[in-house]
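*Asks:* As given, the protein sequences belong to chains A and B, one line each in that order. All residue numbers for the first sequence refer to the working numbering, where the first residue is 1 and numbers rise by one. All residue numbers for the second sequence refer to the working numbering, where the first residue is 1 and numbers rise by one.
Don't read these hints as lab results, they were simulated from the structure. For clarity, every value in this text was computed on a predicted model and none was experimentally measured. It cannot be assumed that every hint is accurate.
Since the list gives no way to pick one copy over another, a pair counts as held whenever it fits inside one copy or between any two copies.
Stated by the list, open to error - The calculated lysine-lysine pairs, modelled on DSS-like cross-linking and capped at a C-alpha distance of 25 Å, are: (1) K289 <-> K300; (2) K113 <-> K5; (3) K266 <-> K282; (4) K252 <-> K266; (5) K168 <-> K300; (6) K11 <-> K266; (7) K113 <-> K300; (8) K143 <-> K266; (9) K282 <-> K143; (10) K168 <-> K206; (11) K289 <-> K143.
2 protein chains.
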Amino acid sequence: MTTFKAIHLVKRPDPGPITSDIFAVVEKDVPTATDGEILIKQTQMSLDPAMFGWMNADKESYIPPVELNTVMRSSGVGEVVASEHPDFAVGDRVMGMMGWQEYFLSNGQGINKVQADVPDEMVLSVFALPGLTATQGLFNVGKPQSGETLVVTGAAGSVGSIVGQLAKADGLRVIGVVGSDEKASWIVNELGFDGAINYKTDDLEKKLNELAPEGIDLYFENTGGPIQHHVMQHMNAHGRIVVCGMIADYDKAEPAPGPSWVPIIKKRLSIQGFTMPDHFDKVPALLQKLTPYVTSGKIKYRAHTLTGLESAIEGLNLFLTGKNRGKLIVKL
Amino acid sequence: MTTFKAIHLVKRPDPGPITSDIFAVVEKDVPTATDGEILIKQTQMSLDPAMFGWMNADKESYIPPVELNTVMRSSGVGEVVASEHPDFAVGDRVMGMMGWQEYFLSNGQGINKVQADVPDEMVLSVFALPGLTATQGLFNVGKPQSGETLVVTGAAGSVGSIVGQLAKADGLRVIGVVGSDEKASWIVNELGFDGAINYKTDDLEKKLNELAPEGIDLYFENTGGPIQHHVMQHMNAHGRIVVCGMIADYDKAEPAPGPSWVPIIKKRLSIQGFTMPDHFDKVPALLQKLTPYVTSGKIKYRAHTLTGLESAIEGLNLFLTGKNRGKLIVKL
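Working from the sequences, and respecting the hints, build out all of it.
*Replies:* Here it is in structure tokens:
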């Protein structure tokens, strides 16, 4: 094989669902690794909600957007197939930001060997962006205490499912907000959450009263949407809110208004937005914090696997419809 | 004189302007100070936006509401006219929570001698709730850095005017949001703010672009209202928001929605609500922090003085209309 496929971002997306015309599938020659380089054959790549931010040229975004007519940004797992780099050998399993392409030539920067003897899906579902984000957001921002009540939105999603399980392992009461009964059942019956709210069909006020009778101490927000207004009313004094994602607004030209700030004063709430790129220096410490939860069997995951490079394009829309079941992964 | 007047709260207020029927003016006998007690003749009492919270029986409120058929809560300055307490002498000038009444019998708890040789108005305008709130909120919550840009709402108000002057003294660029041209002129020409925005008449977007060309690092919120949505769009990455008051919503049955949370993530903002009652243990430290600014002439104030106990009732509505000019004080 002397050529491979890559997908370039060629247009900024409009509000609404992602359309395939913003991408172009291109054929490239497989490069040769020269001094200090490695050639990686990517085996699985990750789809993440953060990609909606990366595709936009919004000057306010927290990391530079993907430049037009370059490979779409993504993380992935792969195998080193050629190495002229002293730290990597052919056959090494590695992870890093490899982009939407079948092969990736690297000088090794930002590429890490996969240490754990776990499936590719688990690497991308737990030890990559989702697990790091959950660990940083829950522990370093949210500062959970045993006995407190946590509400997490996007609770069946890649970040939310790990947040809930970590909190549960640390003795919190954990309530997950999801968009289907199937997801509700999964987080309660499989992941051990104390309760689930289907934001599409449940009476939110009634459910919060029922599931959080002593109020909410910690609110981990992955989605946005009207549930915000209800959760704010149920927050306890000195409650903490971690704002990690707003997927409900990423495809909207005009984001919906947020909740009134009156409860912020009345209850002296703190709200903190965060994104992982500010904390990449903490990755070793975060992995050290996360790993024992995983090795002791506290963290379950499920991967929703699409097949073939081009499935990534339509795959992004699963975030907007909420139809993914588990961490979205594209198998190459 | 053997009797004095006091005002009881007899009904919880409805949304909208305060009506006089929620209060009752009562005549009481002047009590006698017995062992361990002091009798204070109040000379000036303070009106504060926090009173709107104190009058409501909202279980979420940060301090217990005023009980019905008891004296309305307020802070004030007065003179000890009889003392059976070892720490106080007749003639001492004191301050504390004395309530809406002409005389106050106390065991000395929460009553402090006024140390500074400054007028009563200055005690209530600077060294009482407004100055303490400004000092705690700006320094301990907002953590201002020289060279940063601050936007403060209610900038001609008792808290906002001090916040702006403290920040200005510490080398910040300070923009105040006010509700009249007269207030705009006062904060710029008298207090030395770098700019003012009249939220009622100015084009908010244009003015923010003009006055904060490098964005906003610190937002001190005293009022609420539509300016929130604009300021959020102008916040810089890692900006801090101190939520201290929401007077625009205190008389509304249904508070207006807040700004979208999308900028909270994009800019990794932190938002912290706070109220002084959580920090009364820090009062000595706060006064120590504040005093040098005052003694070096950095803090100007103006008092809007009403006369007579009963003027307090209608006085509360000046907060809702924004028609007060300076710290509201009732002279007895």
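*Asks:* All the hints need checking, so say for each whether the structure fits it.
*Replies:* Taking the hints in turn, this is what the structure says about them:
1. K289 <-> K300: Within. Shortest intra-copy distance 16 Å satisfies the 25 Å Cα cut-off; inter-copy 51 Å does not.
2. K113 <-> K5: Cα proximity of K113 and K5: one copy only (24 Å, versus 79 Å across).
3. K266 <-> K282: between (34 Å within a copy, 20 Å between copies)
4. K252 <-> K266: between (31 Å within a copy, 15 Å between copies)
5. K168 <-> K300: Answer is within: at 12 Å inside a copy they meet the 25 Å cutoff, but 53 Å across does not.
6. K11 <-> K266: This pair counts as between: shortest inter-copy Cα distance 21 Å, intra-copy 45 Å.
7. K113 <-> K300: within (22 Å within a copy, 62 Å between copies)
8. K143 <-> K266: both (21 Å within a copy, 21 Å between copies)
9. K282 <-> K143: Classified as both: same-chain Cα gap 16 Å, cross-chain 24 Å, threshold 25 Å.
10. K168 <-> K206: For K168 and K206, only the intra-copy Cα distance (23 Å) is at most 25 Å; the inter-copy one is 48 Å.
11. K289 <-> K143: within (14 Å within a copy, 30 Å between copies)
Figure legend: structure checked against the earlier numbered hints; every hint is met.
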